[in-house]
Amino acid sequence: MRKIKSELIKKKIESMVIRANTQLRPDVLAALKKAKAKEKNKLLHNMFSAIIENAGVARNKKLAICQDTGLPVVFLEIGDKVCVDKNIEDIINQATASAYKKGYFRASIQKDPLLRAKRPSYEPVIIHTNIVNGTRLKITLLVKGFGCENKASVKMFNPTTNLADIENFIVEVVRWAGASACPPYVIGVGIGGTQDFAGLLAKKALLRSITKPNNNKKLASLEKRLINRINALKIGPMGLGGNSTVLGVNIKTYPTHIAGLPVAVNISCHALRSASVVI
Amino acid sequence: MKKLTGPLTKAKIKQLRAGQVLSYDGILYTARDQAHKRMAAMINKKQELPFILKNQVIYYCGPNPALPGRVIGACGPTTSSRMDRFTPILLKAGLLGMVGKGERSKEVLSAIKKHKAVYFITHAGCGALISEYVKSKKFVGFGDLGPEAVFAFSVQDFPLMVAIDSEGDSIYD
Numbered sequence: 002m003r004k005i006k007s008e009l010i011k012k013k014i015e016s017m018v019i020r021a022n023t024q025l026r027p028d029v030l031a032a033l034k035k036a037k038a039k040e041k042n043k044l045l046h047n048m049f050s051a052i053i054e055n056a057g058v059a060r061n062k063k064l065a066i067c068q069d070t071g072l073p074v075v076f077l078e079i080g081d082k083v084c085v086d087k088n089i090e091d092i093i094n095q096a097t098a099s100a101y102k103k104g105y106f107r108a109s110i111q112k113d114p115l116l117r118a119k120r121p122s123y124e125p126v127i128i129h130t131n132i133v134n135g136t137r138l139k140i141t142l143l144v145k146g147f148g149c150e151n152k153a154s155v156k157m158f159n160p161t162t163n164l165a166d167i168e169n170f171i172v173e174v175v176r177w178a179g180a181s182a183c184p185p186y187v188i189g190v191g192i193g194g195t196q197d198f199a200g201l202l203a204k205k206a207l208l209r210s211i212t213k214p215n216n217n218k219k220l221a222s223l224e225k226r227l228i229n230r231i232n233a234l235k236i237g238p239m240g241l242g243g244n245s246t247v248l249g250v251n252i253k254t255y256p257t258h259i260a261g262l263p264v265a266v267n268i269s270c271h272a273l274r275s276a277s278v279v280i
Numbered sequence: 007m008k009k010l011t012g013p014l015t016k017a018k019i020k021q022l023r024a025g026q027v028l029s030y031d032g033i034l035y036t037a038r039d040q041a042h043k044r045m046a047a048m049i050n051k052k053q054e055l056p057f058i059l060k061n062q063v064i065y066y067c068g069p070n071p072a073l074p075g076r077v078i079g080a081c082g083p084t085t086s087s088r089m090d091r092f093t094p095i096l097l098k099a100g101l102l103g104m105v106g107k108g109e110r111s112k113e114v115l116s117a118i119k120k121h122k123a124v125y126f127i128t129h130a131g132c133g134a135l136i137s138e139y140v141k142s143k144k145f146v147g148f149g150d151l152g153p154e155a156v157f158a159f160s161v162q163d164f165p166l167m168v169a170i171d172s173e174g175d176s177i178y179d
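Residue numbers (our numbering), protein chains in the order written: chain A, 2 to 280; chain B, 7 to 179.
Keep in mind that a hint or two might mislead.
Below are the SDA-like pairs computed for lysine to any residue, each with C-alpha atoms no more than 20 Å apart in a straight line [what the hints assert, rightly or not]:
#1 A:K119 with B:A47
#2 A:K102 with A:P121
#3 B:K9 with A:K62
#4 A:K43 with B:R23
#5 B:K60 with B:S116
#6 A:K119 with B:V146
#7 B:K60 with B:Q26
#8 A:K119 with B:R44
#9 B:K122 with B:A47
#10 B:K43 with A:I110
#11 A:K82 with A:K43
#12 A:K62 with B:K43
#13 A:K102 with B:K122
#14 B:K16 with B:S29
#15 A:K63 with B:R44
#16 A:K11 with A:V279
In short, the hints are calculated from the structure, not lab data.
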């Protein structure tokens, strides 16, 4: 067994949480710069400049990239030979809350979703756990704002559905999001599993670098096709048009039941924020 | 770039056209979901609001706390459409301008036209950058709402684009 002290995990999570909120992912920044370089319209060019400038201001002044510091979603990968001296979910919640306070990030969590009677707080975060073989401990944070989370969608298709119908659904979800969720977007798509699991796949898909093509060739070409179709919607930055509605489309699949074909779409704003730490 | 200075008047707004890029000096009152719900209920009950709505501009924003030495943390716009159900009531009560991001409902568009008001958008997802334009802030009301409380931001050179003008013309059409 590998013993890991909770204090060490806490410290590592805290710095990762601050980094995730204040430093835009390099792949996203690169995609934004590329899109800006391609943009000939002066107004749209300026919109990209503001987005890129914002990332610089956030990094240099240690400000949150976006005021919506999200409902933090944590992906925990823990080896079966790892032993921690405290409940790891408690450690994650405490460390995340503590980092949000230290970073002067907004508390956005409503304890009671219906009554909404209390001031928003920093806890609880959402935790997804995977038990892996060995002594590895990896913690990833996805800072998901709700402007774009509100535009997520899941559809339960028939197993005999044509790929074209699935593609149309994905494009329509983005059309429906319009200008409200901070385009240009990154689109996470989850195909397979169950209704809830497809949603999780879509979210996990957002963690993959958008500058790296999908390992699966068929999915890679589907991603390319979707990028072209979604860009043809001409939503563009701030909804002002142009050829850049998406920076990337990432698809993740999983086995599913003979009777179904769940498809989930999770939209991320251009401020796609995530970071990982391996302890 | 055209400069717009608050407080707004119907005469100033009449000059603005959808698609126009502006820079604004003046006051913005932050208010989002829960503050809107409360204000609409208070207007219906003829109660006094924490600030006088007439001729003011509301900014759909829930800011981050200020780092030491700064006025405010990241403070970009939130999705405007969530406020749509309350907006016609606020416009009827005298609100002249709104700042947010994204499309509005048909009902909001016709209320803007009817009351000769204006809807602006600002750089979405750029909260850190926008915080640089906020020169001071004052607490106004609904403190129990935490980040959803109402603050008066005094802003300078605040970037705006006219999204729906007083004629009801929209950049999204």
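Do the hints match the structure? See the list:
This hinted pair checks out: A:K119 and B:A47 have alpha carbons roughly 19 Å apart, not beyond 20 Å. This hinted pair checks out: A:K102 and A:P121 have alpha carbons roughly 13 Å apart, not beyond 20 Å. This hinted pair does not check out: B:K9 and A:K62 have alpha carbons roughly 28 Å apart, beyond 20 Å. Between A:K43 and B:R23 the CA atoms are separated by roughly 19 Å; this keeps the pair inside 20 Å, and the hint holds.
Between B:K60 and B:S116 the alpha-carbon distance is near 19 Å, which keeps this suggested pair within the 20 Å criterion. Pair hint A:K119 plus B:V146 holds up; C-alpha atoms about 19 Å apart against a cutoff of 20 Å. With a C-alpha separation of about 24 Å, the suggested pairing of B:K60 with B:Q26 is violated against the 20 Å cut-off. Note on A:K119 and B:R44: the hinted pairing holds, with a Cα-Cα distance of about 14 Å set against a maximum of 20 Å.
Between B:K122 and B:A47, the direct Cα distance comes to roughly 23 Å. Violation of the 20 Å bound is thereby established for this hinted pair. The hinted pair formed by B:K43 and A:I110 meets the criterion: a straight-line CA distance of about 18 Å does not exceed 20 Å. Proposed proximity of A:K82 and A:K43 is contradicted: the alpha carbons are some 56 Å apart, above 20 Å. Of the pairs offered as hints, the one joining A:K62 and B:K43 is violated, with about 34 Å between alpha carbons and a cut-off of 20 Å exceeded.
The straight-line distance between the Cα atoms of A:K102 and B:K122 is roughly 42 Å, outside the 20 Å bound, and the hint therefore fails. Among the hinted pairs, B:K16 with B:S29 is consistent with the structure: their alpha-carbon atoms are about 18 Å apart, no more than 20 Å. For the hint pairing A:K63 with B:R44, the CA-to-CA distance comes to about 34 Å; that exceeds 20 Å, so the pair is violated. A distance of roughly 12 Å separates the Cα atoms of A:K11 and A:V279; the hinted pair therefore holds under the 20 Å criterion.
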